[in-house]
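6 protein chains.
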Amino acid sequence: MVGEAPAKQDAPPAVMALALPRAELSQEMQAYFAKCEEKLGYVPNVLLAYAHDDAKLAAFAALYNDLMLAPSGLSKLEREMIAVAVSSVNRCYYCLTAHGQAVRQLSGDPVLGEMMVMNYRAAKLSRRHRAMLDFAVKLTETPHLIEEEDRQALRAAGFSERDLWDIGAVAAFFNMSNRMASAVDMRPNAEYHGSVR
Amino acid sequence: MVGEAPAKQDAPPAVMALALPRAELSQEMQAYFAKCEEKLGYVPNVLLAYAHDDAKLAAFAALYNDLMLAPSGLSKLEREMIAVAVSSVNRCYYCLTAHGQAVRQLSGDPVLGEMMVMNYRAAKLSRRHRAMLDFAVKLTETPHLIEEEDRQALRAAGFSERDLWDIGAVAAFFNMSNRMASAVDMRPNAEYHGSVR
Amino acid sequence: MVGEAPAKQDAPPAVMALALPRAELSQEMQAYFAKCEEKLGYVPNVLLAYAHDDAKLAAFAALYNDLMLAPSGLSKLEREMIAVAVSSVNRCYYCLTAHGQAVRQLSGDPVLGEMMVMNYRAAKLSRRHRAMLDFAVKLTETPHLIEEEDRQALRAAGFSERDLWDIGAVAAFFNMSNRMASAVDMRPNAEYHGSVR
Amino acid sequence: MVGEAPAKQDAPPAVMALALPRAELSQEMQAYFAKCEEKLGYVPNVLLAYAHDDAKLAAFAALYNDLMLAPSGLSKLEREMIAVAVSSVNRCYYCLTAHGQAVRQLSGDPVLGEMMVMNYRAAKLSRRHRAMLDFAVKLTETPHLIEEEDRQALRAAGFSERDLWDIGAVAAFFNMSNRMASAVDMRPNAEYHGSVR
Amino acid sequence: MVGEAPAKQDAPPAVMALALPRAELSQEMQAYFAKCEEKLGYVPNVLLAYAHDDAKLAAFAALYNDLMLAPSGLSKLEREMIAVAVSSVNRCYYCLTAHGQAVRQLSGDPVLGEMMVMNYRAAKLSRRHRAMLDFAVKLTETPHLIEEEDRQALRAAGFSERDLWDIGAVAAFFNMSNRMASAVDMRPNAEYHGSVR
Amino acid sequence: MVGEAPAKQDAPPAVMALALPRAELSQEMQAYFAKCEEKLGYVPNVLLAYAHDDAKLAAFAALYNDLMLAPSGLSKLEREMIAVAVSSVNRCYYCLTAHGQAVRQLSGDPVLGEMMVMNYRAAKLSRRHRAMLDFAVKLTETPHLIEEEDRQALRAAGFSERDLWDIGAVAAFFNMSNRMASAVDMRPNAEYHGSVR
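Protein chains in written order, with the numbering used here: chain X, 14 to 210; chain C, 14 to 210; chain D, 14 to 210; chain W, 14 to 210; chain P, 14 to 210; chain A, 14 to 210.
Keep in mind the hints are simulated off the structure, nothing from the lab. Check each hint, because a few of them may be wrong.
[Stated by the list, open to error] Label pairs and their calculated CB-CB ranges: (1) D:Asn78 to W:Arg140: 56 to 62 angstroms; (2) A:Ala83 to P:Arg140: 44 to 50 angstroms; (3) W:Pro84 to C:Gly171: 53 to 59 angstroms.
Ideal placement from N, C-alpha and C gives every residue a C-beta, glycine not left out.
This is chain X alone, in the form it adopts within the complex (with noise of 0.2 angstroms):
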């Protein structure tokens, strides 16, 4: 015998590999998903996850709104490269495709991307963002090695004592995320793959 094909890995059947029903939905949530519906012509996996229980659903999104779509002084796309940065130490399967889609549309550049998804050390970076994907995968890392050091060393690439905050707070709520998509298994929604290519 000469080798043996793979099974395609299709779109999922199933979201993540808990068997939980969908709960009643709130007015707010099923709006937020008619909106995702309605811009992105899906819902994102994630959200499905969560959806068994509408109160952890409105939770994860508040969160994760303010995080990634509230005025920073990270823009959206920095916020979204921390993302991908972090979830490249963990390893997370969910978080690197979803999120990675959102660097190569942010930034329309596709190598970007898969240089945040393989080794963000490979990009050609300005000193403002490799300081703040060092902290963030420091922090990721070894979170007690940092010290008083790591910030100061933001401060010197211009970062402000919000933007530290920020910075942080992006990278600590992949490191939460990426550890629930690998606890439930999330599988992402087949549209990423392609997108931005």
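Place chains C, D, W, P and A on chain X using the hints.
Just chains C, D, W, P and A, lined up with the frame of chain X:
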């Protein structure tokens, strides 16, 4: 010279290392702080750290309270045991102090609290609790290695699908919270240390 | 200021970080480059990197072509799956890009390629493929822990003695190639990124 | 069901996991145990664990007492700080409990004791103490990376040649003692937990 | 230029990196050194390193001699095999040199000594010896993961309770001794290298 | 019982763990083997392991001989020092034995060979050699962290662009060869052990 005396590790002058002024808080958040003062005698410093931004504080509090206080197949003590075992891996001074106290208080067993801080494998644990903490710690250390057999081990120990979600969610949350605390050097309230010893 | 735009991650101006002029190539190597141009439309940059020394280029090409293209109990796709899973452990930007493309092309399954890059444990794999990649990744991460029971696991999954050699040889080769790419900062051809998405 | 209560983590019924009967102790060791009873109110369980063999007990006690109690350029508190920081790396329940108490008692600062257990980097330390603990922890985690520049860092912080010996010796000793405690599952005396809180 | 010749790695001019003068030795320690000279032809440098303080030298010698030479269910060779396997994990040049020689001498098998230095898993070992070294190496690398099942594995391989103590004690001791050697850069006597090859 | 004697670690009955019959060798490979017999007195077992396939043997030999024997700014001894330092990280019994002997022979310094096997940081090395081995070991342990500053450190130590290639290539090659040896459990020729001691 024979040695040098270390400085007294006083109650913190500031709740974190970032210079971020307190925001104008919403009615809801003011009421939340008042309730903390009334029930605990203080506002936990993690909330004061988030209080530079009302929306971020509200999102954090909603997520935290749902995870740690809402009805679940896991008791509040079990959720706190996960919190401390995860924080021990990440060596988070803030969370070990605050949630170590919570384990001591909810269990009435100071030694159990110490064991969760130091090495949960030293405790005499039921199969349920050992499986729960083993999953939480593996999810913390090597999330990319979590597979279906890890979930099956939890089911075999008697946990429901929803319990699996909750174990994953609490462990994931403290991987965020530990890193947020490290990113900004949060300092725990002095009240925790001597409580329930 | 709100953020900063990252530089466009263009096609590389140079194939590597070392300033080594192109050697006079032998007839055989010239013919090999011509065949690449004809079949692929470009000469892979790894070959251009080696082209500063004809003997080194010839030795590398002979080894590579024997391993990846010669008859074997492993299909070409299986060999490429090993290449990418190993390169993912070593976070090698060059090899993940070039061989990730090869997995996509040989399988016709873009998602399979992504999974090999991100975390091969996320893929639905046959017992054969899981055993093959588990061995390759263990050999990469902790070669000193490989023992007879690891070889037995391959045999139990249906692999022959010669297959064991080939799995080991491909995994070992990419541990060399990943490090050569990192040592000199090899940059992949731009053609790979958008191909078979 | 909502949760399950963990068993009370009582004082240990046995001092270790090995079934080794108490040896006939020499006069000297009997006197030593009597002095412990008189001064502390109990014999530390580590000594009871060694008491299955009089010669081993005597050798351990002589080494321990010389290291921790004999005249040195390091104060007793400094030696205990090293003991706890090393035991924290090795997550040794016995030594963290017993020597964490010693730090609390010698310093009169319960918070300092907690910080040594959880993450010594969280403490406000003088340059002297930070250099001392950094050396001890590096020696614990990666002894093969200790080189002359590590010793020079201690000298630059004001330590003498003999102090260097003593720092190395205390750190090295607890790398032994932590492992002996783990090998036989030593259990600390109940008295430590609530002391100096 | 083609290369550069490395300096000859001569016998050490000093036994360690610390400048500590020899203490006045007690009668007992003088006799011990004389016995070393007589039996070995030299005083092992580890003893010369401790000789800056008679009490420390005496305590070290008493512990060492009890562990490695006193009656035990483990042969002297078995204890030396543990010494070298542990020292290999810690990459301790002094102990690998001195105790590698001891394994060669006690076994009359130079290859066995080399295997203990390089990777004990490469040796053909009985179940007894494999279990013994696996325990010693796990205790060295991850002491916090040692649990009752690890002790049970030793009992199942035929070891008594006292043997378990001795395996743990020898492994623990070399975790101290390796670190002491690294802390002060101890240099082995030249006699070891060529002996029993 | 007091202990058990380990089996004699004899010369290997087989050169590897795979049952692969010797191929019909080409004239060229037969001549190569004859030359080995004539110059060394034996054919290195690594070549016998590859001899199940003439093309693989030829490709391996061509690569090996170019790397280790062809003209280079690195002396043959320097290349062997890299080989051993890399093999020490990977704890490869075959390569440590064979190339440890090469370092002893080319340098005439048995101690240098031992130091490369045990911990190259213990050797008195020139700046050139320390920089060379530090790069090779970092490339082995964490190839994804190699960046331009690592290459600059080599240039600052006097290495040319071509030397950088050669250092990277030798280090990368032994990361392959170590893993091939581990994958199939290659066993070194008995002649190496006692040579140049």
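Inset, instruction - Please name the hints from earlier in the document that this structure breaks, with their numbers sorted from lowest to highest. - result: none
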